[in-house]
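Asker: On the provided structure of chain H, position chain R as indicated by the hints.
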Amino acid sequence: MVKNILLVGVGGQGTLLASKLLTTGLMEAGYDVKMNEIHGMSQRGGSVSSHVRYGEKVFSPVIDRGAADILVSFEEMEALRWLEYLKPEGKVVVNKFRSNPVSMLTGDTKYPENILDLITSKADAIILDACQIAEKLGNSRVMNIVLLGALIEVIGINSIDWEGLIEKHVKYDFVDINIKAFKAGRNQV
Amino acid sequence: MKRLMTGNEAIARGAWEYGICFASAYPGTPSTEILENIALYNKDIYSEWAPNEKVALESAIGASIAGVRSLSAMKHVGVNVAADPLFTFAYTGVNSGMVLISADDPGMHSSQNEQDNRNYAAFAKIAMFEPSDSQECKDMVGEALKISEDFDIPALIRITTRISHSKGIVVCEDERLEMPNKPYIKKMEKYVAVPAHSRKLRINLEDRQKRLAEYSETTSMNSIEWENRGIGVIASGIVYQYAREALGDGASYLKLGFTHPLPMKKIRDFASKVDKLWVIEEGDPYLENQIKAAGIICSGRDTFSGIGELSAGEIGLKIAGNSCEVLSSDTSKVVPRPPAFCAGCPHRGFFYQLGKMKNLMITGDIGCYALAFNKPFNAIDTVICMGASISTGHGAQKAFEIKGEDRRVVAVLGDSTFFHTGINSLLNIVYNNSKTITCILDNRITGMTGHQENPGSGYNLRGEPASAVNIEEVCRSLGVKNIQTINPNDLKKVKETLKWAMELDEPVVIITRWPCVLKKFSQEDKTEFGNIFSKYHVDIEACTACKACLKAGCPAISLSKDSKKVEIAQASCTGCGVCAQICPAEAIFREEI
Numbered sequence: 002m003v004k005n006i007l008l009v010g011v012g013g014q015g016t017l018l019a020s021k022l023l024t025t026g027l028m029e030a031g032y033d034v035k036m037n038e039i040h041g042m043s044q045r046g047g048s049v050s051s052h053v054r055y056g057e058k059v060f061s062p063v064i065d066r067g068a069a070d071i072l073v074s075f076e077e078m079e080a081l082r083w084l085e086y087l088k089p090e091g092k093v094v095v096n097k098f099r100s101n102p103v104s105m106l107t108g109d110t111k112y113p114e115n116i117l118d119l120i121t122s123k124a125d126a127i128i129l130d131a132c133q134i135a136e137k138l139g140n141s142r143v144m145n146i147v148l149l150g151a152l153i154e155v156i157g158i159n160s161i162d163w164e165g166l167i168e169k170h171v172k173y174d175f176v177d178i179n180i181k182a183f184k185a186g187r188n189q190v
Numbered sequence: 035m036k037r038l039m040t041g042n043e044a045i046a047r048g049a050w051e052y053g054i055c056f057a058s059a060y061p062g063t064p065s066t067e068i069l070e071n072i073a074l075y076n077k078d079i080y081s082e083w084a085p086n087e088k089v090a091l092e093s094a095i096g097a098s099i100a101g102v103r104s105l106s107a108m109k110h111v112g113v114n115v116a117a118d119p120l121f122t123f124a125y126t127g128v129n130s131g132m133v134l135i136s137a138d139d140p141g142m143h144s145s146q147n148e149q150d151n152r153n154y155a156a157f158a159k160i161a162m163f164e165p166s167d168s169q170e171c172k173d174m175v176g177e178a179l180k181i182s183e184d185f186d187i188p189a190l191i192r193i194t195t196r197i198s199h200s201k202g203i204v205v206c207e208d209e210r211l212e213m214p215n216k217p218y219i220k221k222m223e224k225y226v227a228v229p230a231h232s233r234k235l236r237i238n239l240e241d242r243q244k245r246l247a248e249y250s251e252t253t254s255m256n257s258i259e260w261e262n263r264g265i266g267v268i269a270s271g272i273v274y275q276y277a278r279e280a281l282g283d284g285a286s287y288l289k290l291g292f293t294h295p296l297p298m299k300k301i302r303d304f305a306s307k308v309d310k311l312w313v314i315e316e317g318d319p320y321l322e323n324q325i326k327a328a329g330i331i332c333s334g335r336d337t338f339s340g341i342g343e344l345s346a347g348e349i350g351l352k353i354a355g356n357s358c359e360v361l362s363s364d365t366s367k368v369v370p371r372p373p374a375f376c377a378g379c380p381h382r383g384f385f386y387q388l389g390k391m392k393n394l395m396i397t398g399d400i401g402c403y404a405l406a407f408n409k410p411f412n413a414i415d416t417v418i419c420m421g422a423s424i425s426t427g428h429g430a431q432k433a434f435e436i437k438g439e440d441r442r443v444v445a446v447l448g449d450s451t452f453f454h455t456g457i458n459s460l461l462n463i464v465y466n467n468s469k470t471i472t473c474i475l476d477n478r479i480t481g482m483t484g485h486q487e488n489p490g491s492g493y494n495l496r497g498e499p500a501s502a503v504n505i506e507e508v509c510r511s512l513g514v515k516n517i518q519t520i521n522p523n524d525l526k527k528v529k530e531t532l533k534w535a536m537e538l539d540e541p542v543v544i545i546t547r548w549p550c551v552l553k554k555f556s557q558e559d560k561t562e563f564g565n566i567f568s569k570y571h572v573d574i575e576a577c578t579a580c581k582a583c584l585k586a587g588c589p590a591i592s593l594s595k596d597s598k599k600v601e602i603a604q605a606s607c608t609g610c611g612v613c614a615q616i617c618p619a620e621a622i623f624r625e626e627i
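These protein sequence lines are chains H and R, in that order. Residue numbers for the first sequence follow my numbering, so the first one is 2 and each next one is one higher. Residue numbers for the second sequence follow my numbering, so the first one is 35 and each next one is one higher.
A few of these clues could be false.
What the hints assert, rightly or not - With a straight-line cut-off of 30 Å between C-alpha atoms, the simulated DSSO-like cross-links for lysine-lysine are:
(1) H:LYS172 <-> R:LYS569
(2) R:LYS409 <-> R:LYS595
(3) H:LYS4 <-> H:LYS111
(4) R:LYS469 <-> R:LYS390
(5) R:LYS533 <-> R:LYS585
(6) H:LYS169 <-> R:LYS554
(7) H:LYS88 <-> H:LYS4
(8) R:LYS220 <-> R:LYS159
(9) R:LYS553 <-> H:LYS172
(10) R:LYS409 <-> H:LYS123
(11) R:LYS310 <-> R:LYS299
(12) R:LYS595 <-> H:LYS97
(13) H:LYS169 <-> R:LYS77
(14) H:LYS111 <-> R:LYS310
If you're looking for bench data, these hints aren't it; they were derived computationally from the structure.
Isolated chain H, as found in the complex:
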């Protein structure tokens, strides 16, 4: 059985590191793993996505509409944009965080209302304020690892030494806060 995990967000939110840790852990646990990311415009505030697929044998690196077992959205509106990629019985993890596209800054468009209610009414949703949790730990940038922690708890693979992986892949000075963020995320689920 191949599992599909879709991580979505806005350029600069750290989806790349989260998916790198996730895929490395899955590979080391013996799974076949494929991941797809669309690069190019991410630094300029674009919508970004990482498709992660793992199982005994994986063919396509891309998750189709209606095929994601878990959707992790680093931003509220992105969760709605990608919701149709989730299996109807899938789980969605949403970060209670908003990022405004330029058209909203200039007042040409408005941020949609009641997104979280809408998502909760459609799918099995876990909503957390990863940004606030990260800020309390002392650095809002570890928001991505809080979300990774929540995701790992949802996946439920306990045979992988995730904290050891964080130690290996994060700069020495930031290991402690990232491990705290990871644990805090796990506790949210």
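Answerer: Showing chain R alone in chain H's frame:
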């Protein structure tokens, strides 16, 4: 050793493992990371950025003829630029193996067009490989080099965005294959492509094609997986993975990894053993047309349009009728996130002023500045291809003169694009006395593709100091007499300089010189520009909420819901000061540090 690698990383790994000594490229999504990763093996591989793809390919050709294994990588449209040497190199053939990587972009994630560069292999009569995952990307570099040498032909490895940017598990070797360098032997009848020689090479090329076709029949790159014989699928590259995903054991597969020339006997044999044959392709019906021309009945383009990308879902639905339930949700209120100029982008001030000028046609180019077509600037009229801004601008200006229309043309391109193919167009401006206003937005780096060094940046791909070309001197030496170099963040200066240029009736160049705020600053940048970073604040009392500053389209500036006044996100602001110059109430001020 097992590693998770993108296709681009795996190609770079293959370049190292299989003894490539020379690599050259011009950056272009989705191909850029190939050379960036090859540069990490700089002890064993000499690598460099070329000013354009033609130069990159010609350099790799030279290295091959001189006797080392070489590689050149580019995006699909780059091969158009490099097509001239490619076609003749097929005639002369190689000395050491040469591999050209073409990274196509179906779906146009980061490109101005879709084009199926598999056509180039048939057109230029060269060998072609199509890997379907990262492992194959690495392995096929080795096989392509071998074939290039055995058959005396350049080899094309054609990938697509999903191959370039997807990660998969790759088994890496710990040792590099050390190829003995080949001696260079002068062979005029082989390497001097004058008509007398080329006529012979032309015949020889056909012979090499025939031998390659035999290889195509026997290579393990073209393999059959027998499952259900009710449906037979022929596919190459990423599409094989989509089909395998969608149809599983419900079909048999002829997976093609070597796709020029095609193994037509193998295809015919496979076709005869399945009930219904599907040829599934993104892009052009490259395989299907050849298969049909061989008299084999199949389906493909009648069902799959070839526009944009395919997916496993679409294949499963159209061939096997597999549909899956999708969560319906109202996404009509979901706002798009088009890419925009970053906070502090040096293009902002320039386009803020240019966009306000009337009776212009602004010819754009390939790079971040193409985003200025968007609101609030609306300041780009055309984008065609690399370097086209100056020459399309020239033609347009002459046309307006022919029509008696009083409209000025402003051509806009970046530093790297100017070096790529802008210089020859500027030469044309001078030679044919064009009053097109050429604006070179020099942000000291190749921005859009993720900050690659270029001939003007003072460093090379390997991070070593390099001669930095002076754009002003280049323009002057081409014969441009009117040149001004300005700071694009100085709105008054931008306006004055544009006005100065409009009053001239002869070739004129405006160079804006200010670094991309996302680039890694070199010592020379720090010396020239000082510490450019600071923060700006809004005096809430003074702000009249006139929203004039929002016209700068800066992602750091927004209207506060609470105060109904403008606020500047301190985490994003880099201190370019464009908004403060726009504010009529003088309510935006610089933080004194």
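Asker: Which of the numbered hints above does this structure break?
Answerer: 3, 10 and 14
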